[in-house]
Each structure stands twice: as C-alpha cells, then as structure tokens.
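Spelled out from the first residue to the last, the chains are:
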Amino acid sequence: MQIEFSTHYLANGLKIIIQEDHSVGKAVVDVLYKVGARDEDASRTGFAHLFEHLMFSGSLNVAEYDQHVQRIGGENNAFTTNDITNYYISCPANQIETAFWLESDRMLSLDFQQDKLDVQKSVVCEEFKQRYLNQPYGDLQLLLRPLHYTTHPYRWNTIGMELAHIEVVTLAEVQDFFFKHYAPNNATLIVVGAVHTPQVLDLAEKWFGSIPKRNVAPHIYPQEPPQTEARSLTVHRPVPQSVILKAYHIPARYDNAYYAADMVTDILSGSKSARLFQRMVKELQIATAVNAYTSWLLDPGMIIIEGRLAPGKTVQEYEAALDAVIASLTDISQAELGRMQNKIDALTTFNLTTLMNRATFFAFYDAFDQPELINTLGTHYRQLQPQDVSQAAAKYLRPENCSTLYYLPDGSQS
Amino acid sequence: MEVNRSSAPAVQDIVIPKFPAFSMEVLSGGIPVYFIRYGALPVVEVQWVFRAGHCYESQTGIAAMTARMLTEGTKKKNSVAIANYLDEYGAFIQANAGYEATTFTLSTLTRHLAPTFALLNEIIQEATLPEQEFKIEKSRALQNFEIEEQKTEFVARRRFIQTLFPAPHPYGSITDKAAIEKFELEQLRRYHKSHLQPSNGFIIIAGEFEPETFLELLSAQGIDTTHYQPVDAAQPPPPIRAQATRINETIPGRMQSSLRVGHYALPRKHPDYHAIKFATMLLGGYFGARLMQNIREEKGYTYGIYARWNAMLHDGYFGIGTDVANEYVEDTLVEIRKEINRMATDPFTDEELTMAKNYYCGKVLSNRETPSQIADILKNIILQEIDLDDLERGNQIIQALTAKDIMDISAKYLIAENLITVVAGG
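In order, the protein sequence lines correspond to chains A and B.
Just so we're aligned, residue 1 is where the first sequence starts under our numbering, counting upward by one.
Just so we're aligned, residue 1001 is where the second sequence starts under our numbering, counting upward by one.
Next up, chain A with everything else stripped away, as it sits in the complex (with noise of 0.2 Å):
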C-alpha cells in the first residue's frame, strides 16, 4: 500500500509536503516547527510547551485563534515533545484558506501580552499537576530522565523539571524564543485531503511567501557521553505497587541501527505471547505487567522496561528474571521475528486509515527528514534477521547501558 505524495519549497525556506486525498470532504493543515523541549535554557525548562500554548493566545492579526476554527468546522490542538512541536487543524476541505490565514499569521508573529501569559502559566502548572503530580506513579518519568541523562537536554522532560521554572517566565523571554525558534526555514507545512496540489501551493505562496527567514537556532545539543556504569535511584511514593524501570541507550531515531534495537522491543513485548509477558506475568507471576518500547526521541534515545511487581514478590527476583528474559535473546527464531515484521507491515496500513494519522506521522518523519516513511517504514523492519536483533540486544541491553529506577510504596524496604 503505497501512497503518493509530493514535496515543495518556498523561497524562504519553507517545506511543503501534500497528499491528495478526495475520499472524503476533508483536509488536515499541519505545521510542524522543528523546536522542542531540547531547544530550552536549562534554566527554562519547560518553555517549548508553555510557548506552544501561547500561539494559541493571539496573532498579529488574529485576536482569538480558536473561534476561526471552530467557524469554518475544524477541529485544531497541538503537542509539543522533546524534539518538536506539532500544530494542525482539521477542516471540510473547502475550508483551507482559513487555516493557511491563522497559521501563518501565527508565523509572522505572536501578540504578546502579559495578561495571556499569566493565564496560560497558570494553565500549564495545572496540567502539571493534573498529569504528573496528581497521579499515582505520575512523576516517573520525570525521575527517569535526569538519571538516565547527565549532558543531553533529555535529561528534563517536556513539561519540564519544576514548576518553578514556568512560574518566573518573563515576556522578553518569549518573544526572544519565538524569534529564535519559530520560523518558516524552520517549520513544514502539511497538507493532506481533499486538496489540489497547484491550489495548495498558490495558497501557501499567499500566505507565507512574505514572511521573512530567521537566524534560527542552530540544531546542536550536547553529546550524551557513554554512559560507563550501572546507575540507579530509589524512590518511595503513595502508591500500592512497586514499578521498576529501566533505560538503556540505543542509536538515534535517524541511524539505520534504530531498527535492529526497536526490534528488540517488539520480540520483547510485542505481543501476549512474546518473552516478557509470557514469562514473567504468565510463568513466573512475578509481574503483574511488564513492557518494553522505545522512546518517541531524534537524538539518542532509550529503550526501556517497566515493570509492575506482583504483591508478595522481591525486586531482586523480578531483576534475575528479567537478566534471563534478556539473555534469551541470543536465540531469536525466523518465525517469531517473522511475525512482528508481519505486524508492523499491517499497522503501517492501518496508520493512513484517518487524514490526521497520516499528517501527523509525515510530520514525526520530515522531524527527521524522511517522510517517506509514511509508505517505507515496515521495510527497515522486514530487512531484519534473527541474528541482527539479538545483537542489538546484545550490545545495548547491558547493566553499564542501565539506569533503573525503583519506584517502591511508602514503608516498603529497597
């Protein structure tokens, strides 16, 4: 199932990717900005998120973004990760102007103003809260990062590492984030639905030919330096059940050898039947759940296992099943492999069923500058032998790769 897209350039730097679609009456706009929670002041961290919100407070030449889109029947939000931040709008497709008009708008410049920034802090410490604070095992990986992370701005999460740090932002800052950050040399338009690509294109020169290119922040970041021993952290918490989690280095999401270590995480967990589940829930019972994935990170990231602990078990027996599942995988069968190439194969189609799947998975890709992925991806994975996923695990599944953090109830012993 391939499907057909094109790519274009503004004379100011700005991507453009389309995907016609004319299945059903609609379009998605998405405008992906290449700036994320590693582009922050270590001072300010945080920021990227706190900033994606503000683009919602008023434009230069829009007072109040979101009744636009509501007017023309669209839906719109955002989210903002470590390595991006992703704005769309979703609109009957006869719609579109409206949404090339507030976005680049929004391009062009914000209307800062103090009193929207007050409101939206205080937004933001709530939703702090409501997602980290508040909820039981809400902080973990808030904790992970900065054990597992000593140089790279991995190290604080996306909403960023205290609340303190959101409270002191100071306007000048946030023009000065925009200027450095927001710009059209810096971003890339994404259409797909029941468009025309010539139309699209005129569109897109109205719009956001005249805005001007930017010194935009050179993408470099420190260097996570190989990590050389175990680490580990011990918490306690309100909380009924011991977790443990587990991080270990793997390449970039850009390097060929991602696919072999993400591979490791499906043989993993891939499946009910696959070795985590069927071995340490199932046989054992000494978990009463257990997964591995890959963090969704460009630069270096991680592969990690969290665990629940079943009641009445020690985490030092939860440690040497898990150091057995993790040696099993020396021995990868054709069949078992097999599968799980399967698998994404399907889950590939299934990811284009909904306009906003697709839009948002070229902009996760063009992160990177591959969005044909959107038709390639199960192939890197299909390219894969047995041996080549137990030598990923191999190589990064190692306690000198490891930092573990034990996340035990209140009271309970380490």
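Just so you know, these hints were derived from the structure itself, not from any lab.
Quantities reported herein were computed from a predicted structural model and do not represent experimental measurements.
Any given hint could be a false lead.
What the hints assert, rightly or not - Okay, derived cross-link-like pairs now, SDA-like style, lysine to any residue, Cα gap no bigger than 25 Å in a straight line:
{"#": "1", "chain 1": "B", "residue 1": "K1177", "chain 2": "A", "residue 2": "Y137"}
{"#": "2", "chain 1": "B", "residue 1": "K1299", "chain 2": "A", "residue 2": "Q135"}
{"#": "3", "chain 1": "A", "residue 1": "K15", "chain 2": "B", "residue 2": "V1003"}
{"#": "4", "chain 1": "A", "residue 1": "K272", "chain 2": "B", "residue 2": "K1138"}
{"#": "5", "chain 1": "B", "residue 1": "K1075", "chain 2": "A", "residue 2": "E283"}
{"#": "6", "chain 1": "B", "residue 1": "K1299", "chain 2": "A", "residue 2": "E75"}
{"#": "7", "chain 1": "B", "residue 1": "K1151", "chain 2": "A", "residue 2": "Y406"}
{"#": "8", "chain 1": "B", "residue 1": "K1138", "chain 2": "A", "residue 2": "V239"}
{"#": "9", "chain 1": "A", "residue 1": "K282", "chain 2": "B", "residue 2": "R1140"}
{"#": "10", "chain 1": "B", "residue 1": "K1177", "chain 2": "A", "residue 2": "R131"}
{"#": "11", "chain 1": "A", "residue 1": "K282", "chain 2": "B", "residue 2": "R1189"}
{"#": "12", "chain 1": "B", "residue 1": "K1151", "chain 2": "B", "residue 2": "I1247"}
{"#": "13", "chain 1": "B", "residue 1": "K1018", "chain 2": "A", "residue 2": "E75"}
{"#": "14", "chain 1": "B", "residue 1": "K1299", "chain 2": "A", "residue 2": "H165"}
{"#": "15", "chain 1": "B", "residue 1": "K1379", "chain 2": "A", "residue 2": "S23"}
{"#": "16", "chain 1": "A", "residue 1": "K272", "chain 2": "B", "residue 2": "P1130"}
{"#": "17", "chain 1": "A", "residue 1": "K116", "chain 2": "B", "residue 2": "K1338"}
{"#": "18", "chain 1": "A", "residue 1": "K282", "chain 2": "B", "residue 2": "R1068"}
{"#": "19", "chain 1": "B", "residue 1": "K1363", "chain 2": "A", "residue 2": "E20"}
{"#": "20", "chain 1": "A", "residue 1": "K272", "chain 2": "B", "residue 2": "T1175"}
{"#": "21", "chain 1": "A", "residue 1": "K272", "chain 2": "A", "residue 2": "E319"}
{"#": "22", "chain 1": "B", "residue 1": "K1299", "chain 2": "A", "residue 2": "R131"}
{"#": "23", "chain 1": "A", "residue 1": "K116", "chain 2": "B", "residue 2": "E1335"}
{"#": "24", "chain 1": "B", "residue 1": "K1138", "chain 2": "A", "residue 2": "G312"}
{"#": "25", "chain 1": "B", "residue 1": "K1338", "chain 2": "B", "residue 2": "T1349"}
{"#": "26", "chain 1": "A", "residue 1": "K272", "chain 2": "B", "residue 2": "I1093"}
{"#": "27", "chain 1": "A", "residue 1": "K116", "chain 2": "B", "residue 2": "F1287"}
As the list claims (entries may be wrong) - Per the computed footprint, the stretches of chain A lying under chain B, defined by three or more beta-carbons under 8 Å from a beta-carbon of chain B, are:
{"#": "28", "segment": "23-31"}
{"#": "29", "segment": "231-245"}
{"#": "30", "segment": "284-297"}
{"#": "31", "segment": "353-365"}
Glycine included, every Cβ here is placed at the ideal spot set by N, Cα and C.
Based on the hints, put chain B in the right spot on chain A.
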C-alpha cells in the same frame, strides 16, 4: 504584493454528506448482518455485537470479564497460539462491554478476512475460559484497580454515577476492586453460554470487502443457519431520583481535586434530545464553550473542563467534569453554577451560534471519516432503537435553533438547584 491579513478569508458552506449507504441481510436462521462498503484502504472491520453488558448482568462486570477471557484459549488453541495466529496476519481482536452490548471487533487487512474471521468465530464458539489464565487475569485486574482507585478522577466518577443510579441500577455499574473480587470462573463460563453466543448477536462489516465472500464465510462457519434468539431486553429499571447534594471524598496527598457535577437527563428517544445536546455543547462541549472559556482561558484554574449530555435507552444524565487545584474548588463550583444559570438568561449572539453550528457540522463530518466510525454510528442506532432518519432530522433541528430556543431548552433541562456535586481530592 502583500497579502491582507487583517480579516479572515470567507467561510464556505459546510456540507454534511449523507450517511453512507449500507445494506442489511437477514441470514436464513435469522441473524442480521449489516454491510458497509466504505473507505479507500484495503482494510476491513467486523463488529460482532452481543446483547450483553451492564443491562444484561446480575453482577457488575461479568460481561466484560467474560469477553476478556474468551481470547485466552479455545479447544484448538491456547492463548499463545491465538496471539501468534493474529500476529501472523497483522490482525487485532478487541472486546468492549458497555451498557447494552458487548462487541468483539476484528480489524484486518482485507486479504486476510477469511482466516481471521474463522479465528474470531472459534473464539466466540469454542472458548474454554481456562483456569490458570483466569487466575492471572483476575489478579491483574485487581492490581490495575488498586491503582485506579487512587485516582481522583476515578473516585469522583464512581461516586457521582452511583449516587445518580444506586445499585442494583445497571447505569450505575462501575467495575471496581470489589466487583472484580467477586468473579468466579463458573459464572463467566455460564455467561459465555447464555450471552456471548451467535444466537444473541448481530454483525456489522465495514471497509473494503465483497459481501458475497463474507456471506460464504458465515455459511462455512454455520452461522447462516444459527437460530437467532436474542436474550430478552432487561426490564427497564425503575426511575429513582436522588436529591441534590454535595459529597466530598478525601484522598490524602492529592494537590488537585476532580469535580463531577450534574443531574438527571432524558432517555435517547426523547424529542428534545438534539436541542438539549446542542445546548450542552454550547455550555461545555468544545474549546469555545462557556465553561472552558471561563474556567480555563479566563481564570486558568484547569487544563480542561467539559459538559456532556449522556442519553441511554431508558434514562440519562448530564455531567460536568474537571480537575482543579484544591484551592480553586469552591470558586470553580460557584462559576459552574453561574454558567448553568446563564444558559437560561444570557442569549448567545448570532455570531456565536453560527460558529457553534458550523463547529457541530464539522464534527459530524469528522465522525464519518472511517469505516470503523460508520460502523459505530450504525451500531448505536440499532442499540438505541432509533431510526436512521433521526440523525438527519437532528442535524436539521440543530441548524434551526435560535438563541431563544437555547435559553428555553436550558431553562427546562439544566437546573443548578438539582445538581449533585462530588469533589474527590485533597
């Protein structure tokens, strides 16, 4: 030439396409099968819908737990073999239980429909509900709920719905730790035999497929001649009405509280349904709604607040939900009451109404994008016993509503004095 950015481009007409065509066939034994050929990708979804769920249980959560156990083993395959079989085809089977139905959904590439449907049928008809797997799944469910019950959102939601519909009313059923602890394997096996059988289900197939091919598959599995005998609809529960009240549930150490505020509403078939549903949207159903604009955008008290009109077959409830810092709780409750009252006294402007109606149209269009969404809409029409025209009529009713209509319908059905308020948190 510099473009003029000072005014918005013209808004075009928003057209809601007609609900996609579908056909229905009654098999020789009586089982209804619905065919929706839709979508541009070579994928297909089969929804096997059984009359099972909270309204068909004598014990909370039995339907969902039984459904979960069916994929744990059949006479011919254990759970590992089932998982491997699905993975080989890149297919998925999921089970979902609600009030009126328990649905098994198969998602597959079209070219694998035959073997994957054969597996789905095997799961339904030949599941063994093995003991060891049951012990593990029960234990896992208990562990999950031990965590869920620490969340302010879960505690508030449970207390709210159980105040509105106290046990044994099925609309107040929440599967929690206490419910899971009561599960016994023999009960689940009996429930499988009584409720999750082909005789008690109808089938919807949506996506890219050949109806003849699917009919042949049904025939090969013997489903065409299975005698259709759906379980009797449960007796409509008696209408009981709790009084307006304020309930606090303290969860130590929480810095935010979850608020659930609302009261009784109307069953789905009521003629006022569409109008009050739209009014509720204006109050709290999208980002531009009054609650969101007040409590999030003006005051910054919350990351999100919503209002929903829930209409089931026999009854309904209206509910507002949000999570706010403990120190904002009382003020938020005051503002919620204010906004409810304002719906009856403060008219929306023409501009606001047009925006909301357009947003609503866009939402309808959005909800009809994929074959899976079409299947869901059709399933709900069947289960809620309404006719297809109701959807189109509803759209027309909403487009014709005036600001005065909104005030009148709000005065009639959104009543601050009737509010049941639950606050769960610090």
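We went through each hint and held it up to the structure:
1. B:K1177 with A:Y137: With a Cα-Cα distance of about 19 Å, the restraint between B:K1177 and A:Y137 holds, given a limit of 25 Å.
2. B:K1299 with A:Q135: holds, 23 Å
3. A:K15 with B:V1003: Cα-Cα ~20 Å, so holds.
4. A:K272 with B:K1138: holds, 16 Å
5. B:K1075 with A:E283: holds, 21 Å
6. B:K1299 with A:E75: Given that 25 Å is the threshold and the Cα spacing comes to 23 Å, the pair holds.
7. B:K1151 with A:Y406: holds, 21 Å
8. B:K1138 with A:V239: Within the cut-off at roughly 20 Å; holds.
9. A:K282 with B:R1140: holds, 11 Å
10. B:K1177 with A:R131: Answer holds: B:K1177 to A:R131 is near 23 Å, not above 25 Å.
11. A:K282 with B:R1189: holds, 21 Å
12. B:K1151 with B:I1247: Roughly 17 Å separates the two Cα atoms, so the pair holds.
13. B:K1018 with A:E75: holds, 21 Å
14. B:K1299 with A:H165: Given pair B:K1299, A:H165 holds - Cα atoms ~20 Å apart, limit 25 Å.
15. B:K1379 with A:S23: Roughly 23 Å between the alpha carbons, so the hint for B:K1379 and A:S23 holds.
16. A:K272 with B:P1130: With a Cα-Cα distance of about 16 Å, the restraint between A:K272 and B:P1130 holds, given a limit of 25 Å.
17. A:K116 with B:K1338: holds, 23 Å
18. A:K282 with B:R1068: holds, 16 Å
19. B:K1363 with A:E20: holds, 21 Å
20. A:K272 with B:T1175: holds, 23 Å
21. A:K272 with A:E319: holds, 21 Å
22. B:K1299 with A:R131: Distance of about 19 Å is within 25 Å: holds.
23. A:K116 with B:E1335: holds, 20 Å
24. B:K1138 with A:G312: holds, 16 Å
25. B:K1338 with B:T1349: Holds, because 18 Å separates the two Cα atoms, which is no more than 25 Å.
26. A:K272 with B:I1093: Cα-Cα ~12 Å, so holds.
27. A:K116 with B:F1287: Measuring from Cα to Cα gives roughly 16 Å; hence the hint holds.
28. 23-31: holds (count 4)
29. 231-245: holds (count 4)
30. 284-297: holds (count 3)
31. 353-365: The restraint on the segment 353-365 of chain A holds, since 3 of its residues have a Cβ under 8 Å from chain B and three suffice.
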